[in-house]
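Participant: So the chains spell out like this:
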Amino acid sequence: GEDVEQSLFLSVREGDSSVINCTYTDSSSTYLYWYKQEPGAGLQLLTYIFSNMDMKQDQRLTVLLNKKDKHLSLRIADTQTGDSAIYFCAESNDYKLSFGAGTTVTVRA
Amino acid sequence: DGGITQSPKYLFRKEGQNVTLSCEQNLNHDAMYWYRQDPGQGLRLIYYSQIVNDFQKGDIAEGYSVSREKKESFPLTVTSAQKNPTAFYLCASSNDRATYNEQFFGPGTRLTGL
Numbered sequence: 074g075e076d077v078e079q080s081l082f083l084s085v086r087e088g089d090s091s092v093i094n095c096t097y098t099d100s101s102s103t104y105l106y107w108y109k110q111e112p113g114a115g116l117q118l119l120t121y122i123f124s125n126m127d128m129k130q131d132q133r134l135t136v137l138l139n140k141k142d143k144h145l146s147l148r149i150a151d152t153q154t155g156d157s158a159i160y161f162c163a164e165s166n167d168y169k170l171s172f173g174a175g176t177t178v179t180v181r182a
Numbered sequence: 362d363g364g365i366t367q368s369p370k371y372l373f374r375k376e377g378q379n380v381t382l383s384c385e386q387n388l389n390h391d392a393m394y395w396y397r398q399d400p401g402q403g404l405r406l407i408y409y410s411q412i413v414n415d416f417q418k419g420d421i422a423e424g425y426s427v428s429r430e431k432k433e434s435f436p437l438t439v440t441s442a443q444k445n446p447t448a449f450y451l452c453a454s455s456n457d458r459a460t461y462n463e464q465f466f467g468p469g470t471r472l473t474g475l
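Keeping their order, the protein sequence lines are chains A and B. Position in the first sequence (first residue = 1) + 73 = this note's numbering. Position in the second sequence (first residue = 1) + 361 = this note's numbering.
Keep in mind the hints are simulated off the structure, nothing from the lab. Small disclaimer: the values here were computed from a predicted structure and weren't measured. The C-beta atom is built at its ideal place from N, Cα and C for all residues, glycine as well. Don't take each hint at face value.
[Unchecked claim] A few chain A residues that don't get close to chain B, going by computed Cβ distances all over 12 Å:
(1) E78
(2) Q79
(3) L83
(4) V85
(5) R86
(6) E87
(7) D89
(8) L105
(9) L137
(10) K141
(11) K143
(12) Q153
(13) K169
(14) R181
[Stated by the list, open to error] Derived DSS-like pairs (lysine-lysine); straight-line CA-CA distance at most 25 Å:
(15) A:K169 to B:K432
(16) A:K169 to B:K375
(17) B:K431 to A:K169
(18) B:K370 to A:K109
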């Protein structure tokens, strides 16, 4: 979606950390989300953050939110080959979600 | 097993033809959505429905139609007016009474226009 922007590609070595960045425009978004899509499949919710939080950690995933700059990031620690996928950032607007174009993460050995 | 199913997995549409994509959920969710996914463009909202017998246009509704006669079902028709139907179509549902609007996605239908 034009209101949510992400870089399109990220290549990372197995075992390193991946950082995927996203900018959004709707300052009234209550929640921001990270979804994962594996090849030929639907999306699954990885994690979300409430807009009054700065950080959320969930096992290998860390979400950072800079509300002033409308910047969201997802860090995946100890990236594995199973983390190769497309990652979508999304912002909420009532019942609707606006998605970024997705970042394709490729994990190399 | 609760979830969302979509059928068929692959579909071909000849010019001038209407085709219907099926979406069924047994999660007891009120809200359902249809998205179109094109490479490098992310997901774009076609239609959504918050309750049975009611639905709203999304960002790219032209050339598509939907119905919501049952809570479990939200079929999408790609009409002959949609001149570029080739895309991956994703259906989703959500519980609008949840504190956060997690949308659960089906496995998708890949439609190719001939």
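Participant: Does each hint fit the structure? Answer for all of them.
Facilitator: Hint check results:
A beta-carbon of chain B comes within 12 Å of the beta-carbon of E78 (chain A); the shortest separation is about 10 Å. A beta-carbon of chain B comes within 12 Å of the beta-carbon of Q79 (chain A); the shortest separation is about 8 Å. Distance to chain B confirms L83 (chain A) as a non-interface residue, since its nearest Cβ pair spans about 15 Å, more than 12 Å. At the 12 Å boundary, the C-beta of V85 (chain A) stays outside the reach of chain B, the nearest C-beta of that chain being 20 Å off.
With a least CB separation of 25 Å from chain B, R86 (chain A) remains clear of the 12 Å interface cut-off, as annotated. Under the 12 Å C-beta cut-off, the non-interface status given to E87 (chain A) relative to chain B holds; the minimum distance is some 26 Å. Distance check on D89 (chain A): its Cβ is at least 25 Å (rounded) from any Cβ of chain B, clearing the 12 Å threshold; non-interface status holds. At roughly 10 Å from the closest C-beta of chain B, the C-beta of L105 (chain A) falls inside 12 Å, breaking its exclusion from the interface.
At roughly 18 Å, the least C-beta separation between L137 (chain A) and chain B is larger than 12 Å, which holds for a residue marked as non-interface. Look at K141 (chain A): its CB is around 22 Å from the nearest CB on chain B, clear of 12 Å, so calling it non-interface holds up. Under the 12 Å C-beta cut-off, the non-interface status given to K143 (chain A) relative to chain B holds; the minimum distance is some 17 Å. Every Cβ of chain B is farther than 12 Å from the Cβ of Q153 (chain A); the closest lies at roughly 22 Å, confirming the non-interface assignment.
At the 12 Å boundary, the C-beta of K169 (chain A) falls inside the reach of chain B, the nearest C-beta of that chain being 6 Å off. Once the 12 Å rule is applied to beta carbons, R181 (chain A) is consistent with being away from chain B; the minimum gap is 22 Å. Taken as a hint, the K169 (chain A) and K432 (chain B) pair is honoured in the structure, with Cα atoms around 18 Å apart against an allowance of 25 Å. With a C-alpha separation of about 32 Å, the suggested pairing of K169 (chain A) with K375 (chain B) is violated against the 25 Å cut-off.
The suggested pairing of K431 (chain B) with K169 (chain A) holds, with an alpha-carbon distance near 21 Å, which does not exceed 25 Å. Only pairs whose Cα atoms come within 25 Å are accepted, and K370 (chain B) paired with K109 (chain A) is accepted, the gap being roughly 20 Å.
Hint violations for this structure: numbers 1, 2, 8, 13, 16, all remaining hints satisfied.
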